[in-house]
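Asker: Full structure from sequences and hints, please.
Protein chains: 2
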Amino acid sequence: MKDIGFNNIAIIGVGLIGSSFALSLRKHGFEGTITGIGRNRDNLIMAKKLSIISNWTSSHESGVEDADLILLASPVDKFKGIIEKIQPNIKRGAIVTDVGSVKADIVSSLEPLMPKEVFFVGSHPIAGKETSGISAASEDLFHNTKCIITPGPNTDREALKKVRRLWEALGSETVVMSPEEHDFIFAAVSHLPHVVAYSLVNSIMEMDSNILNFGGKGLKDMTRIALSSPDLWQGICSFNRENLLKSLRYFSTSITKITDFIEASDWEGLQKEFRKGQKARKTLESS
Amino acid sequence: MKDIGFNNIAIIGVGLIGSSFALSLRKHGFEGTITGIGRNRDNLIMAKKLSIISNWTSSHESGVEDADLILLASPVDKFKGIIEKIQPNIKRGAIVTDVGSVKADIVSSLEPLMPKEVFFVGSHPIAGKETSGISAASEDLFHNTKCIITPGPNTDREALKKVRRLWEALGSETVVMSPEEHDFIFAAVSHLPHVVAYSLVNSIMEMDSNILNFGGKGLKDMTRIALSSPDLWQGICSFNRENLLKSLRYFSTSITKITDFIEASDWEGLQKEFRKGQKARKTLESS
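Here the protein sequences come in this chain order: A and B. Sequential numbering from 1 applies to the first sequence in the numbering used here. Sequential numbering from 288 applies to the second sequence in the numbering used here.
Simulated from the structure, these hints should not be mistaken for lab results. Where hints are given, some of them may not hold.
Claimed, not checked - Below, simulated PhoX-like cross-link-like pairs (lysine-lysine); rule was C-alpha separation at most 25 Å, straight line:
#1 A/LYS257 with B/LYS533
#2 B/LYS544 with A/LYS246
#3 A/LYS279 with B/LYS416
As the list claims (entries may be wrong) - Chain A stretches covered by chain B per the calculated footprint, using a threshold of three residues with CB under 8 Å from any CB of chain B:
#4 123-132
#5 190-202
#6 218-228
Glycine is no exception: its CB is placed at the ideal position from the N, C-alpha and C atoms.
Answerer: Encoded structure:
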């Protein structure tokens, strides 16, 4: 690993992303200390036993004291409370980053909470899974994926560079955009699809609770993300409410349009909609 | 292969399903003749070259003359025209079956067209792919999948048995139900999801035509079936219009319910919906 400029890394939230981050650091040759911080002691003990982390603590305050990089990897609705708690304990010169799926609210609420000479840089690795926890962790989770970095107007340029270098060292391609642009895009390509997946399962169950199992590979693929944590996704939805509502309006309009074609037996119109969707889907890098 | 009681099998439509059917027959030891019938000569020549079929013809009439089993594997909206054309040429005692994704309309329109002592039995192997054509064919396509057999009130019981045995010989688990029940179930678990996948892609493109590529694995999985043939799926939608409209109404109601929760910032209500979906999705055999 090229020197990434950090020696002590604290990971708050040792779940799928947090522990994959730790494994990936080690894979790429990081030799410093990785401290795991969280509330679930059994989970932290397991992470230590598996050599995912160097040491662990349930105390956020003491856990971050030596850290020159703090990674927030707990659910997004916990970030603010955590920062308020650890604020006096963060070392001068430390960088705080996160892996949250929403950014505008996070950046604008966390930045003002940073102590003097501590810098926050928001990031979002596009590397989730529908499974969670350290048992699903992988040292290659970030390999060949995008990581969105979302500087605000006050973000320190040096800290931004260091956070980019960090994710790139783990195999990610970094993309820099504003928190607002991020939230607009991910409402459409991630938050909306999650809502649709839950909703699709629910409406099939509503029609007949015994038929879900007749679905083939197509239905399984489509609804896999409905296995995601309801708690986590409710949080994401609340933090990106406006954009998600906008996405839902576009989606409802499209469903209504298609329904109208079927209602009117306008098969040519329907096929045109399908062709449009197929053509666009074909542009996605790999199927 | 246990003797399946057929020696000459004609496959009308040598695409993904038709050629996988042929490959699977051979894999399971079928030694009789397999005649491929279709309009695309190059495709049939390729299928012969790859030993998928024994011989081929573009003439539906002559192609079925010796067949004791005729498999309709072309798009569903072609079935009726094909049967009307080959009707005088079908051998006495022959069995006609199909692989169409809709059944009520097919069974009720094809059954009366069968010549004396020719029996129709509708079937639907739940084994599609979003890819098509012989290049995507697989001898294992039907292995460990369900195949729905849909007898009507007049279906010959012996013919039904033979068709069940046939699919079971190829590794499928057969499930017998009425064509109407089939169409209700598959509107919900297959036709609705396809419509939703096309619609999801379209609404994202509508929001911004440059953002689809930011989608991660979740979006790719969810929209993979939007790669399916628009022609084929428009046909399926038209043949199952009533049930599909019913499914779409349930789905729209569910999307509206979720939108309302988000609109009202009722995060508890939203999480309850997500939990319901996650719980149901967990019951699906494999993820």
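Asker: Check each numbered hint from earlier against the structure, then list the numbers of those it violates in ascending order.
Answerer: none
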